[in-house]
Amino acid sequence: MEMVKTLTEEETRSFIDLVQARSGEKVVDCYQCGKCTAGCPMTFAMDIDPARIMRLAQLGQRDLVLGSHTIWLCASCETCTTRCPQEVDIARVMDTLRILAREADYTSAEREIASFNQTFLDNVKDRGRVHETLLVMQHKLRTRHLLQDAMKGPLLMSKGKLALRGHKAENLDEVRRIFENVEKVGAGLQPRPSEGGAE
Amino acid sequence: MTYGYYPGCSLKGMSSEYDRSALGVCDQLGITLQEVPHWICCGATPAHATNHLLSIALPAKILASAASVPGQGEQAGPSPTVVAACAACYSRLRRANHELRADPQLRTQVQQVIETPYEGQVEVRHLLDLLRNEIGLEAIRRKATKPLEGLNVACYYGCLLVRPPEVVAFDDPENPQVMDELLTAAGATCVDWPFKTECCGGSFSASRPEVVVKLAHDLLREAHDAGADVVAVACPLCQSNLDLRQADVARTYGTSYHLPTLYFTQLLGLAFGLEPKALGLERLIVSPQAMLRKLAARPEPMEEAAS
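Protein chains in written order, with our numbering: chain C, 1207 to 1405; chain Y, 152 to 458.
Careful: at least some of the hints might be erroneous.
Some chain Y residues judged to face chain C by a derived CB distance under 7 Å, without partners named [said to hold, decoys possible]:
1. Met165
2. Cys192
3. His199
4. Lys294
5. Arg314
6. Pro324
7. Cys350
Using 35 Å as the maximum straight-line C-alpha spacing, the simulated DSBU-like pairs for lysine-lysine come out as follows [what the hints assert, rightly or not]:
8. C/Lys1390 / C/Lys1232
9. C/Lys1374 / Y/Lys428
10. C/Lys1390 / C/Lys1346
11. Y/Lys294 / C/Lys1346
12. Y/Lys294 / C/Lys1365
13. C/Lys1358 / Y/Lys428
14. C/Lys1365 / Y/Lys428
15. C/Lys1374 / C/Lys1358
16. Y/Lys294 / Y/Lys445
17. C/Lys1211 / C/Lys1232
18. C/Lys1331 / C/Lys1358
19. C/Lys1365 / C/Lys1331
20. C/Lys1358 / Y/Lys163
21. C/Lys1365 / Y/Lys163
22. C/Lys1365 / Y/Lys297
23. Y/Lys163 / Y/Lys294
24. C/Lys1331 / Y/Lys163
25. C/Lys1331 / C/Lys1390
26. C/Lys1346 / Y/Lys428
27. C/Lys1358 / Y/Lys445
28. Y/Lys294 / Y/Lys428
29. Y/Lys163 / C/Lys1390
30. Y/Lys445 / C/Lys1365
31. Y/Lys428 / Y/Lys297
32. C/Lys1358 / C/Lys1346
33. Y/Lys297 / Y/Lys445
34. C/Lys1374 / Y/Lys163
These stretches of chain C come out as covered by chain Y in the derived footprint (C-beta under 8 Å, 3 or more residues) [to be verified]:
35. 1359-1365
36. 1376-1384
It is worth saying that the hints were derived from the structure and are not from the lab. Here the structure is a predicted model, which is why all the values come from computation and not from measurement. All C-beta atoms in this analysis are idealised placements derived from N, C-alpha and C, irrespective of residue type, glycine included.
Let's have the full structure, built from the sequences with the hints guiding it.
Here it is, written out as structure tokens:
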């Protein structure tokens, strides 16, 4: 792999320590058996297979890991987590890597997926519940994919599956407070990638 | 018997037929499902992929709300019980309890976020688990006045009902049986097939549809090759990805499988003699007509579905 960087031991440590601290998982325990990759349903679409992501993380290869398509294409199906003989919760590590990638602005690899997640959470914040029709329309608008799946609309409509007026939670102020409190309580709790990641 | 019930967003939206059929089947079995008051979204994958604290706080808020209702799950002893039907919601609610019980520091943070002293005390069960292990197969058999004889069903569990076993744990993570047992008790023939716990791609249907079309194709091919007339599911995303994407599968891979994808509750409802309309069968994209025709003992639903 041409983009693997030569790092000092300190640079290597700073990234793997960060991943382990944020995920609570012992990524260093991975001994490269490859079971995660063998069972992963998404490898056909990934650029770096899951076992290799684990190895690159151990080696502190922050740019390769956080810039990969793989961390976004992980479907959180938990097959790897279930089968890992070293009991590493790999799906949880993938979550952590996505979060670190967002914090350090590495989201360009899979803009659509990152954007969908954000639109979904905006929906939850605004309405307390997800209104699927609105969510999909907002997502297609934001990503400028207006024609993608446009023909599904009339079909779903004919089956009574598209609701124009979605439901809302009754306690919207409480929902908003959860989002605010997450920022407050979460701030300062955890190390961030900028505090010693290799640039 | 009354239990707390968390429908989640999909069951009140695109998948309302799952809600309808679940309530109908439970009613037949003498179970009352009482909606958790002021429920909100569980956060699903976007929450856990974005912010860990948020991903635990949203389900914790829901469960705290259930804990405040006296009588929800009264038969379950001191700890109230919430039943979920959506596999993804179920997984998130279970995950929140799992982490809150194990991690006192996280518990304190979550309590600050939701401004409620929730400790993880509410039991969370999936409807499959409840029907199999509380109601039992004998009760299903007794209720199945119009058994699904001659119908070959591929039970598709997907990911989150069975994985990871530390969090969910009501069935085998590699070869689950509960749905097969329930539908067998309802008279169906459940086929042996290798993809019952493979992934459908979930919410990538909106962001990376071509990925879902590939996974849906593989699933439909395996179910078809195993001789299934119908795929049974317990998750709104699995249902939508197999049903709504089946035309895309045909266009991309050149094979039309014509495999209807029904919620297991819709199939149980048919066996209990509930009307197809009451089970929301008219909302299926891939027509269930051929499947209903196969249920030779049930001429009325066959005519209904044709209309």
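| message | Taking the earlier hints as the rules, which of them does this structure contradict? | response | Numbers 4 and 11 - these are the hints that the structure violates, sorted from lowest upward.
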